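Asks: Residues per chain, in single letters:
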Amino acid sequence: MSDWLTTLKNAKRTCIQQGNLRKVHYDLPNGKEMVEEYNMDTGVVNRRAWKIKKDLGGEGQWLIELGDPEPPGLSGEQVLIKENASQPFVSRRVTKRSLEWRIRNLPYPIETYSVTAEPENKYLTVRTTNKKYFKKLEIPEFERLNILPEQSKIEIQHKFNTLIITYEKPEVLKNFEKALFDEIKTLKAKHEGEMDCKPS
Amino acid sequence: MAVAAAAKVQEVREITRIERIGAHSHIRGLGLDDSLEARHVSQGMVGQVAARRAAGIVLQMVRDGRIAGRAVLLAGQPGTGKTAIATGLAQALGHDTPFTSMAGSEIYSLEMSKTEALTQAIRKSIGVRIKEESEIIEGEVVEVQIERPATGVGTKVGKLILKSTDMETVYDLGGKMIDSILKEKVQSGDVITIDKATGKISRLGRSFTRARDYDATGQQTRFVQCPEGELQKRKEVVHTVTLHEIDVINSRTHGFLALFSGDTGEIKPEVREQINGKVAEWREEGKAEIIPGVLFIDEVHMLDIECFSFLNRALENEMSPIVIMATNRGITRIRGTNYHSPHGIPLDLLDRMIIVPTVPYDEKELKQILSIRCEEEDCQMEDKALEILTKICTETSLRYAIQLITTSGLIARKRKAPEVGIEDVKKAYMLFFDESRSIQYLTDYQKQFMFDQDDDLTSMDTS
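Residue numbers (the UniProt record's numbering), protein chains in the order written: chain A, 1 to 200; chain Z, 1 to 463.
Hints in this document: simulated from the structure, not taken from any laboratory. Since this is a predicted model, take the numbers as computed values, not measurements. Note that the Cβ used here is the ideal one computed from N, Cα and C, for glycine as well. Hints are not guaranteed to be accurate.
[Stated by the list, open to error] Pair ranges (Cβ atoms, derived):
#, chain 1, residue 1, chain 2, residue 2, range
1, A, TYR108, Z, ALA197, 29 to 39 Å
2, A, GLN151, Z, LYS200, 38 to 48 Å
3, Z, ILE21, A, ILE164, 54 to 64 Å
All chains should be modelled from the sequences, with the hints used to inform the complete structure.
Replies: In structure tokens:
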């Protein structure tokens with residue numbers, strides 16, 4: 001069906017089941033690692049993350065593609081420079097019918113925003129008329145399956161300081177996700193607390 | 001009016017205060033011309049023409065980067081400018097060539113073996129230029145806010161507002177970043193880039209929108225367009241890391257253990273081997289370039305025989321840097337043995353070195369050095385006082401005379417004089433003993449000091 005699906009099918013996969021969540025870890029051929037978390041009741045991906053390896057070596061970091069970002073936690077690293085907590089940030093999620101972006105901490109009224117599809121660059125662009133915010137939203141799913149974004153499928157809403165951008169899933173993506181989910185369902189999953197050996 | 005002026009001075013001080021005046025902060029380079037001939041007085045260096053010319057040739061050797069593992073020894077009496085020449089060499093090499101400076105006694109630590117400390121120092125002196133994709137923040141500065149807590153202690157809080165033609169963002173700054181922003185004197189209207197991982201700031205110029213306050217800026221100010229689009233971008237940048245830094249990145253304990261590992265401690269030889277292999281691979285692929293730098297070991301006679309034999313071996317490696325050592329010893333015992341050798345260095349290692357001697361300064365040169373230091377320490381001195389100070393210098397030592405500059409400056413300030421006079425220098429000379437007067441005093445009053453009899457015993461022993 002597509003190259004991406006065969007790559008995923010051939011990758012080394014490890015699977016864990018926690019309640020109704022199924023987590024799959026893929027070891028991809030070029031040394032990349034990816035983790036997905038599926039809700040088995042709805043068949044939708046909740047979270048997806050990539051491991052970023054640096055040339056210079058060392059422990060890589062996880063880059064969150066889907067779902068909420070990791071809490072900052074106990075990272076002992078000293079901060080050099082980071083965005084202030086009051087600044088806008090993007091989180092992504094996927095539902096059965098659509099792809100969603102939520103940009104929080106955006107207080108301006110809905111007329112301020114314009115979201116345009118840019119098929120030649122394969123991303124969506126968010127602009128504000130008051131020149132306070134600008135963002136290129138990449139669509140990794142589309143890039144992997146070579147789908148171009150269309151302007152007519154974009155809808156925007158503004159609620160509680162949050163700009164919600166909804167993009168209706170194209171058929172190709174829906175079919176791909178269904179095929180992948182069928183594959184996931186057949187994987188043998190280890191349940192939480194299960195071990196390979198019996199500890200004495 | 002006076003209050004306002006005082007407040008202004010305070011403000012200026014605040015910004016430039018970060019660098020303190022050190023023993024060699026007046027040195028800005030080796031003071032050579034384009035054909036590597038030494039100018040008599042230049043870039044804070046005075047005299048020592050032969051040694052500086054030799055250092056110039058070493059500089060050329062480092063810049064070419066084709067010769068590995070050479071050793072250079074700077075030998076001379078105390079206060080003849082050995083460390084100054086090394087500092088000048090470091091300045092002349094510039095930012096991109098690694099220059100590691102250490103003292104011979106630094107290798108004695110309880111946490112690390114001597115050879116590990118030396119290996120780390122050697123690997124700190126080899127740079128690798130590599131292209132890496134990194135997160136860059138590029139924008140025009142709208143505002144810099146740096147606040148220190150009202151109590152005066154505690155961490156500073158910093159905020160930076162940047163904008164592009166399309167957006168504007170507020171950033172929080174960490175302590176290190178605040179320092180480098182103050183050091184770079186970043187102001188609103190500047191267009192800057194910040195490397196998010198390393199925190200390196202580079203100033204691209206001033207924004208065109210600020211072009212109207214042209215008369216307030218220098219002639220050489222470059223005006224640039226305000227950047228477009230997103231502030232944060234991914235860009236391929238070339239940067240230099242040292243082999244030691246790559247070692248550290250790859251030797252950190254993984255997982256939760258990383259929380260408890262503070263210092264790096266010793267690095268396993270396997271890790272180093274692996275990294276050497278990797279770097280060689282990158283070099284073959286053309287992804288990286290190796291920049292051999294300089295390792296400077298001051299007071300090299302403090303190394304012991306084991307370190308010397310380790311160095312002998314380490315210098316043979318083709319990845320080793322140029323090692324410059326300095327010593328003020330004559331024929332003396334090699335540390336860790338009972339053998340005597342020139343400079344306290346074994347003959348086999350001496351044989352591998354090229355030796356650059358430094359000679360004592362003459363009176364004219366001493367005067368020039370003192371006047372350079374007066375300027376550096378912000379001290380106005382009368383010509384006559386400077387002459388007296390030069391005289392003191394020839395009779396005692398250069399270091400002692402330099403110590404008298406700020407002290408007599410403070411004495412002059414106490415009597416509200418604009419310049420330091422002969423009186424002030426004399427007063428400082430009386431207040432602070434130099435080494436020979438102190439010895440004189442001790443021999444005169446030996447009997448009244450504590451544990452006097454001990455000395456008699458040892459002198460009996462030796463006789």
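Asks: Against this structure, judge whether each hint is valid.
Replies: Hint check results:
Checking the proposed 29 to 39 Å range against A/TYR108 and Z/ALA197 shows it holds: the Cβ atoms sit about 32 Å from each other. Distance hint check: the CB atoms of A/GLN151 and Z/LYS200 are about 40 Å apart, consistent with the given range 38 to 48 Å. Taken as a hint, the range 54 to 64 Å holds for the pair Z/ILE21 and A/ILE164, whose Cβ atoms sit roughly 58 Å apart.
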